[in-house]
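With the hints as constraints, model all of the structure from the sequences given.
Here the protein sequences come in this chain order: A and B.
First residue of the first sequence: 1, per the numbering used here; consecutive thereafter.
First residue of the second sequence: 1, per the numbering used here; consecutive thereafter.
Treat the hints as calculated values from the structure; they're not laboratory data.
Some clues are possibly wrong.
Away from chain B, derived, C-beta distances all over 12 Å, residues of chain A [as the list claims (entries may be wrong)]:
| # | residue |
| --- | --- |
| 1 | D4 |
| 2 | A28 |
| 3 | F33 |
| 4 | W49 |
| 5 | L143 |
| 6 | Y165 |
| 7 | G168 |
| 8 | T181 |
| 9 | I250 |
| 10 | N280 |
| 11 | F327 |
| 12 | C329 |
| 13 | K338 |
| 14 | I353 |
Taking lysine-lysine and the DSS-like style, the derived pairs with C-alpha atoms no more than 25 Å apart in a straight line are [stated by the list, open to error]:
| # | chain 1 | residue 1 | chain 2 | residue 2 |
| --- | --- | --- | --- | --- |
| 15 | B | K34 | A | K85 |
| 16 | B | K43 | A | K52 |
| 17 | B | K43 | A | K85 |
| 18 | A | K319 | A | K78 |
| 19 | A | K316 | A | K338 |
| 20 | B | K27 | A | K85 |
| 21 | A | K319 | A | K387 |
| 22 | A | K256 | A | K52 |
| 23 | B | K43 | A | K167 |
| 24 | A | K85 | B | K24 |
| 25 | A | K6 | A | K387 |
| 26 | A | K78 | B | K27 |
| 27 | B | K34 | B | K24 |
| 28 | A | K78 | B | K43 |
| 29 | A | K167 | A | K334 |
| 30 | A | K6 | B | K2 |
A quick note: this is a predicted structure, and the numbers were derived from the prediction, not measured.
Virtual Cβ for every residue (Gly too), placed ideally from N, Cα, C.
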Amino acid sequence: MQSDSKHILYMGLGIGCISILYFLSLIAGLPIFVIAPVIITALVFLYRWLNKEYQPPVQNSIWRMAILAIGLVLIADKADGLVEKHGQWDAWAIWNLHARYLADPAYWQNMFQNTEHAHPDYPLALPATIAFFSRLAGGFHLLIPYTLHVVVMLCVPVLIFTETYRKGLLVASLALLLFVTNDMYITQGVSQMADTMLAFFFLAAFVCFDYARENRQMIILSSAFLGLCMWTKNEGIMLVLVFVLFNARIFMLEWKRLLYGIGLPFIALLIFKMGYAPANDLVTRQSADTLDNITDWERYQQIYRSWIDTINEHYKTLKYLVVLYLFYCLLRRKLPDKRFLMILACLAGYFMIYIFSHQDLEWHLFTSAHRLLHQLMPVIVYVFANKFANMGNKGAFQVVRM
Amino acid sequence: MKTPVLLTILFFVAGVSTWSYHHKFSKVQDDMDKLAAALHPVKDVVPAGGTVSFAGNADITISSQSRYILSPGIVLSENKDTALYIYPLQDSTMPAGNILWQHGDDRYNYYITTANAE
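Now the structure itself:
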């Protein structure tokens with residue numbers, strides 16, 4: 001892996017490292033003048049570990065730089081028009097609320113008393129990171145979450161671009177264009193909710209895993225990002241299960257590396273869930289009605305219709321890409337890419353969450369369907385960009401044939 | 001692409017975006033800011049670490065915004081002796097109990113009451 005991609009991945013690992021160490025030090029009751037040096041030291045070690053291998057010098061290309069810079073400026077310019085001051089409803093009602101509690105060493109456990117609508121069982125990658133920077137800045141300020149979200153939002157297309165441009169600048173540019181033209185991605189990116197961060201970590205796990213064949217150490221990185229998915233949102237646990245199941249053979253052979261990577265976020269999550277967080281409402285409210293939900297075909301239709309509407313409204317280009325790709329696979333009588341099947345399995349998992357949901361289904365779909373698809377959008381773009389770019393390497397004719 | 005160049009582009013764009021956000025909203029007062037201004041004195045009435053009930057005739061958005069504004073020192077919970085009442089301006093209902101503090105703005109009337117005489 002080249003140095004540019006590694007630095008983008010380092011930012012993701014940095015967020016994970018900050019949030020986990022900050023949460024653990026909050027439990028220990030450490031003051032900020034102790035927490036900050038500990039976290040900075042950990043970040044330095046992490047940086048040196050990530051960059052310990054020799055990396056061949058890379059050449060700058062004015063075209064690559066110009067395309068990336070223009071793309072990012074366009075995304076930021078759109079974000080300026082789409083952002084709300086305090087973020088969307090869940091941003092202040094959940095994520096920034098949790099950050100404000102975690103930034104207060106005296107009253108942070110008050111967070112767990114807010115059982116109505118505040119979801120104190122949600123994992124802490126995002127709020128703990130904001131809380132750490134708030135402590136450094138002397139208090140919570142809206143600029144802190146906004147800056148963090150903009151950086152994460154930009155890291156996603158940058159990582160796909162840096163991973164693709166060496167194989168094909170045209171494909172990398174088209175992938176970047178997908179982000180520039182997708183208002184939903186940008187709106188969610190600056191909504192100050194945790195979905196984009198989850199999308200970034202899941203994408204990073206995919207990217208690292210693609211290098212596992214040539215460098216086994218990448219399994220540690222991929223596992224770390226999977227752990228951070230769980231540490232970011234509850235649905236991250238489902239994404240991780242799907243990822244691990246699809247790659248069970250490799251993870252069983254490399255179980256030590258899996259544990260090295262996933263260990264710290266998993267332990268932090270266990271401490272949080274077992275020691276502090278109330279039970280998740282989706283789990284606790286399951287009852288005999290759940291069986292009725294499973295056999296209620298109207299429910300399936302309602303979810304399907306809502307998803308199709310959301311896809312047609314926000315992800316039309318991706319929809320056509322997926323349909324064309326499936327059609328291509330059918331014509332060539334071959335199975336789709338395993339990564340693509342993995343994403344479909346994640347979608348199926350999300351679909352079942354709605355089936356099991358005890359909440360009003362229409363409201364649940366309205367408030368979250370677009371966000372769940374947003375979480376998977378970057379990996380879909382990455383998988384397609386990666387496939388097209390690899391085919392482009394074999395010659396333009398093959399790209400046209402696909 | 002050389003890493004310093006990449007990071008310069010990334011952080012320059014993020015920095016300009018943050019500056020633009022600050023420039024756009026620093027002087028804008030939205031509903032949340034109005035509520036925050038109205039509830040600012042509550043922190044003087046209810047001691048840090050205290051818990052109050054949310055009552056009155058305001059919707060879930062106002063109760064959630066109040067929780068956000070009063071965090072982390074004050075927690076909104078149910079069935080507490082001290083209560084925060086918020087009524088729309090056109091609602092002339094008065095809260096029960098002893099009124100410790102009250103305030104009004106162009107949208108709501110706000111009261112902190114306690115069931116016990118203190």
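Hints, one by one, checked against the model:
no.	hint	result
1	D4	violated (5 Å)
2	A28	holds (19 Å)
3	F33	holds (20 Å)
4	W49	holds (16 Å)
5	L143	violated (6 Å)
6	Y165	violated (7 Å)
7	G168	holds (15 Å)
8	T181	holds (17 Å)
9	I250	holds (29 Å)
10	N280	holds (19 Å)
11	F327	holds (35 Å)
12	C329	holds (33 Å)
13	K338	holds (29 Å)
14	I353	holds (23 Å)
15	B:K34 <-> A:K85	holds (13 Å)
16	B:K43 <-> A:K52	violated (51 Å)
17	B:K43 <-> A:K85	holds (24 Å)
18	A:K319 <-> A:K78	holds (23 Å)
19	A:K316 <-> A:K338	holds (23 Å)
20	B:K27 <-> A:K85	holds (11 Å)
21	A:K319 <-> A:K387	holds (16 Å)
22	A:K256 <-> A:K52	holds (20 Å)
23	B:K43 <-> A:K167	violated (59 Å)
24	A:K85 <-> B:K24	holds (9 Å)
25	A:K6 <-> A:K387	holds (21 Å)
26	A:K78 <-> B:K27	holds (21 Å)
27	B:K34 <-> B:K24	holds (17 Å)
28	A:K78 <-> B:K43	violated (38 Å)
29	A:K167 <-> A:K334	holds (24 Å)
30	A:K6 <-> B:K2	holds (12 Å)
The earlier numbered hints that this structure contradicts are 1, 5, 6, 16, 23, 28.
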